[in-house]
Structures are given as structure tokens and as C-alpha cells.
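*Asks:* Sequence:
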Amino acid sequence: MTEIHPGQRVAVLADAQNLYHTAQSLYSRNIDYSSLLEKAVSDRALTRAIAYVVRADSPDEERFFEALVDIGFETKIKDIKTFGDGSKKADWDVGMALDAVTLANHVDTVVLCTGDGDFSRLCSHLRHEGVRVEVMAFKESTAEELIREADAFLDMSERTDTFLL
Numbered sequence: 001m002t003e004i005h006p007g008q009r010v011a012v013l014a015d016a017q018n019l020y021h022t023a024q025s026l027y028s029r030n031i032d033y034s035s036l037l038e039k040a041v042s043d044r045a046l047t048r049a050i051a052y053v054v055r056a057d058s059p060d061e062e063r064f065f066e067a068l069v070d071i072g073f074e075t076k077i078k079d080i081k082t083f084g085d086g087s088k089k090a091d092w093d094v095g096m097a098l099d100a101v102t103l104a105n106h107v108d109t110v111v112l113c114t115g116d117g118d119f120s121r122l123c124s125h126l127r128h129e130g131v132r133v134e135v136m137a138f139k140e141s142t143a144e145e146l147i148r149e150a151d152a153f154l155d156m157s158e159r160t161d162t163f164l165l
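Counting from 1, position 8 in the sequence shown corresponds to residue 8 in full-length UniProt numbering; the numbering is continuous, with no gaps.
Quick caveat, the hints were computed from the structure, so don't treat them as lab data. Predicted, not measured: the structure shown is a model, and the values here were computed from it. Glycine residues also receive a C-beta, built at the ideal position from the N, C-alpha and C atoms. Be careful, since some hints might not be right.
To be verified - Here are the in silico distance ranges between beta carbons for each label pair:
#	residue 1	residue 2	range
1	Q24	A152	22 to 30 Å
2	R9	F83	25 to 33 Å
3	G84	R9	20 to 28 Å
4	R9	T82	36 to 44 Å
5	G84	H5	46 to 54 Å
6	R159	D79	26 to 34 Å
7	H5	F83	44 to 52 Å
8	N30	P6	16 to 24 Å
9	H5	D57	16 to 24 Å
10	D85	D57	16 to 24 Å
As the list claims (entries may be wrong) - In silico DSS-like cross-links for lysine-lysine, where the CA-CA straight-line distance does not exceed 30 Å:
#	residue 1	residue 2
11	K76	K139
12	K39	K139
13	K39	K78
14	K39	K76
15	K78	K139
16	K139	K81
With these hints in hand, go ahead and build the complete structure from the sequences.
*Replies:* Below, the structure written as C-alpha cells:
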């Protein structure tokens with residue numbers, strides 16, 4: 001696997017819904033995306049930073065989306081879908097996975113900011129392709145298989161002063 005070095009090209013893919021819900025349920029706080037991006041890149045060369053967000057028609061979300069762009073993230077926005085039974089759904093799993101696979105030929109490292117175990121197979125695929133995979137998430141809500149498949153795991157719970165507002 002690729003080791004960490006200053007010239008390393010990095011892509012950061014942040015599952016905003018996963019991070020938000022975890023930070024809220026564990027700490028009743030919000031994510032500091034500026035610190036998240038800074039720590040994910042760690043003095044390496046940022047190739048792309050993408051935040052996957054869901055439009056849920058909440059009052060401050062447009063300002064949040066703009067703040068992500070100001071920090072350095074490209075935002076990919078999906079509208080929440082409401083089904084006939086009243087249930088709602090919006091997730092970016094397939095979109096994030098496709099972007100990671102597409103970026104694999106252009107980066108040395110992909111940093112996945114999510115605890116979702118659905119990405120464990122993606123990790124093993126990227127590693128097979130010679131890409132270093134790092135995961136940043138809260139350990140309490142991160143799937144063991146995702147941690148196991150990654151080259152490195154940064155537990156955001158150990159540094160709440162850094163990653164939470």
C-alpha cells in the first residue's frame with residue numbers, strides 16, 4: 001500500500017448525513033468540516049474534496065452548503081424522497097462508491113469520512129487497485145468491517161475538541 005508522504009494525492013469523500021446524525025446522537029453537536037478536511041489531507045496534496053449532502057428543506061441548509069464550498073468541498077446534493085407511506089430516504093452510498101472508483105486512477109489515497117459498513121467492500125476494491133484507504137469516523141458508530149478493511153482509521157471520538165463545533 002501507498003505510505004503517507006507530502007506529495008501524496010488525496011481525495012476526501014465526506015458522507016455528511018452519516019457524520020451529522022452520529023455527531024448529533026452521540027454529542028448533540030455539529031461537525032467542524034474545516035478541521036475534518038485539514039486532518040484528512042494532513043499536509044498532502046488535495047486532489048478533490050466532496051461532501052455528499054441531502055436537501056431536506058431545513059432553514060439553514062443552503063448556508064451550510066455554501067459554507068462547505070467556502071471550506072474547500074465540492075458539494076453533491078440529493079433531494080430527500082418521501083414515499084407514499086410517509087417514510088423518507090436519501091443516501092449517497094452508490095454515488096460515493098462510484099466517485100471513489102473513478103478517482104482511484106488519479107489519487108494515491110481516498111479518505112472516506114463515514115462509519116457506514118456498506119463501504120467495506122469499496123475499501124477492499126480500492127486497496128486491490130493500489131489505493132490507500134483511510135477512514136475517519138466516530139468509532140462508536142463505525143462498522144467493524146469498515147475499520148478492518150481500511151489501511152488506517154482515525155477515531156473522531158478521541159478528538160472531539162478538533163472535529164466538533
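*Asks:* If a hint holds in the structure, say so; if it does not, say that too.
*Replies:* Results for each hint:
1. Checked against the hint of 22 to 30 Å, the C-beta distance between Q24 and A152 comes to roughly 26 Å, which is consistent with it.
2. About 40 Å separates the C-beta atoms of R9 and F83, a value inconsistent with the hinted range of 25 to 33 Å.
3. Separated by about 45 Å at the C-beta atoms, G84 and R9 break the suggested range of 20 to 28 Å.
4. A hinted range of 36 to 44 Å holds for the C-beta pair R9 and T82, which are about 39 Å apart.
5. Take G84 and H5: their Cβ atoms lie about 53 Å apart, and the range 46 to 54 Å holds.
6. Between R159 and D79 the C-beta distance comes to about 33 Å, which sits within the given range of 26 to 34 Å.
7. As the Cβ distance of H5 to F83 is approximately 47 Å, the hint placing it in 44 to 52 Å holds.
8. Checked against the hint of 16 to 24 Å, the C-beta distance between N30 and P6 comes to roughly 31 Å, which is inconsistent with it.
9. As the Cβ distance of H5 to D57 is approximately 44 Å, the hint placing it in 16 to 24 Å is violated.
10. For D85 paired with D57, a C-beta distance near 19 Å keeps the hint of 16 to 24 Å intact.
11. With a CA separation close to 25 Å, the supplied pair K76 and K139 stays within the 30 Å bound.
12. Annotation: proposed proximity of K39 to K139 holds, straight-line Cα distance about 17 Å (limit 30 Å).
13. At most 30 Å may separate the alpha-carbon atoms for a hinted pair to count; K39 and K78 meet this at roughly 26 Å.
14. For the given pair, K39 sits about 21 Å from K76 by alpha-carbon distance, which is consistent with the 30 Å threshold.
15. For the proposed pair K78 and K139, the alpha carbon gap of about 26 Å is at most 30 Å, so the pair holds.
16. For a cut-off of 30 Å, the pair hint linking K139 to K81 stands: about 29 Å separates their Cα positions.
In summary, the structure is inconsistent with hints 2, 3, 8 and 9 from the numbered list given earlier, while agreeing with the others.
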